[in-house]
Amino acid sequence: GESVGLHLPTLSVQEGDNSIINCAYSNSASDYFIWYKQESGKGPQFIIDIRSNMDKRQGQRVTVLLNKTVKHLSLQIAATQPGDSAVYFCAENRRNTGNQFYFGTGTSLTVIP
Amino acid sequence: DAGVTQSPTHLIKTRGQHVTLRCSPISGHKSVSWYQQVLGQGPQFIFQYYEKEERGRGNFPDRFSARQFPNYSSELNVNALLLGDSALYLCASSLDWGVRTDTQYFGPGTRLTVL
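Listed in order, the protein sequences are those of chains A and B.
Here the first sequence is numbered in the working numbering, starting from 936 and rising by one per residue.
Here the second sequence is numbered in the working numbering, starting from -4 and rising by one per residue.
Keep in mind the hints are simulated off the structure, nothing from the lab.
Take the hints with a grain of salt, since some may be wrong.
Here are the simulated lysine-lysine pairs, DSSO-like style, with alpha carbons at most 30 Å apart [to be verified]:
#1 Lys991/A / Lys1003/A
#2 Lys47/B / Lys977/A
#3 Lys47/B / Lys8/B
#4 Lys977/A / Lys1006/A
#5 Lys977/A / Lys991/A
#6 Lys8/B / Lys1006/A
#7 Lys8/B / Lys977/A
#8 Lys47/B / Lys25/B
#9 Lys1006/A / Lys991/A
Examples of chain B residues lying across from chain A (beta carbon under 8 Å, computed) [claimed, not checked]:
#10 Gly37
#11 Pro38
#12 Asp97
#13 Thr98
Here are the computed distance ranges between Cβ atoms for each label pair [unchecked claim]:
#14 Asn1002/A / Ile7/B: 43 to 53 Å
#15 Asn1002/A / His13/B: 42 to 52 Å
#16 Gly35/B / Ile955/A: 16 to 26 Å
#17 Leu90/B / Lys1003/A: 21 to 31 Å
#18 Thr1040/A / Asp97/B: 33 to 43 Å
#19 Pro944/A / Asn66/B: 34 to 44 Å
#20 Leu78/B / Thr1040/A: 14 to 24 Å
#21 Asn962/A / Asp97/B: 41 to 51 Å
#22 Gly951/A / Thr15/B: 39 to 49 Å
#23 Ile7/B / Arg1030/A: 16 to 26 Å
Heads up, the beta-carbon is just placed ideally off N, CA and C, and yes, glycines get one too.
Please build the complete structure, drawing on both the sequences and the hints.
As structure tokens, this is what we get:
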């Protein structure tokens, strides 16, 4: 069936390095995407979003890239810090589904001091 | 301002029992969504409520039901609990409904364990 999925379940990076977390989606009706960060024992926290009419959006230390041709998006975290250690999810919203979001499996990011 | 609050934080039930989970949205938010997050997976959409009406429903059995109150708080009810219902149940609130770019803010969740 159609799904939102991530390429890598775990990622370890050295503190100060840049991190790239990838996400693939398969539903052509998906046109709005959000990246969430979930720390242990907490609910998902909004990081950044992007609409399908954009291919790049930047926030504070984070950049999201969207490639609609191959149905892929990525989250780039600059100068990764220990506080960035968490599970990261991409979530997609599809046309005509209101505010219903479909989440991927998640990537666990570990920052090595 | 307080964020989304959920109660209880943890709950242990046995198979066949019933459970009620509660959520209070951020002040001023009128929409509440419920998600189920099984260990090691991403959240799965269960329901969305806006102005006390169900506005969306995910692929969950009729054992799952919810409602929203005039103060916009919400309850999620699960009947005839199964072992597979063990999960973190997340509540998310947003200002409105139908505005797909309206950010959803999640609560800390209720950890349900079914024995």
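Here is how each hint holds up against the structure:
| no. | hint | result |
| --- | --- | --- |
| 1 | Lys991/A / Lys1003/A | holds, 11 Å |
| 2 | Lys47/B / Lys977/A | holds, 26 Å |
| 3 | Lys47/B / Lys8/B | holds, 28 Å |
| 4 | Lys977/A / Lys1006/A | holds, 29 Å |
| 5 | Lys977/A / Lys991/A | holds, 28 Å |
| 6 | Lys8/B / Lys1006/A | violated, 41 Å |
| 7 | Lys8/B / Lys977/A | holds, 22 Å |
| 8 | Lys47/B / Lys25/B | holds, 9 Å |
| 9 | Lys1006/A / Lys991/A | holds, 14 Å |
| 10 | Gly37 | holds, 3 Å |
| 11 | Pro38 | holds, 5 Å |
| 12 | Asp97 | holds, 7 Å |
| 13 | Thr98 | holds, 5 Å |
| 14 | Asn1002/A / Ile7/B: 43 to 53 Å | holds, 45 Å |
| 15 | Asn1002/A / His13/B: 42 to 52 Å | holds, 46 Å |
| 16 | Gly35/B / Ile955/A: 16 to 26 Å | holds, 22 Å |
| 17 | Leu90/B / Lys1003/A: 21 to 31 Å | holds, 28 Å |
| 18 | Thr1040/A / Asp97/B: 33 to 43 Å | violated, 25 Å |
| 19 | Pro944/A / Asn66/B: 34 to 44 Å | holds, 40 Å |
| 20 | Leu78/B / Thr1040/A: 14 to 24 Å | holds, 21 Å |
| 21 | Asn962/A / Asp97/B: 41 to 51 Å | violated, 20 Å |
| 22 | Gly951/A / Thr15/B: 39 to 49 Å | holds, 47 Å |
| 23 | Ile7/B / Arg1030/A: 16 to 26 Å | violated, 40 Å |
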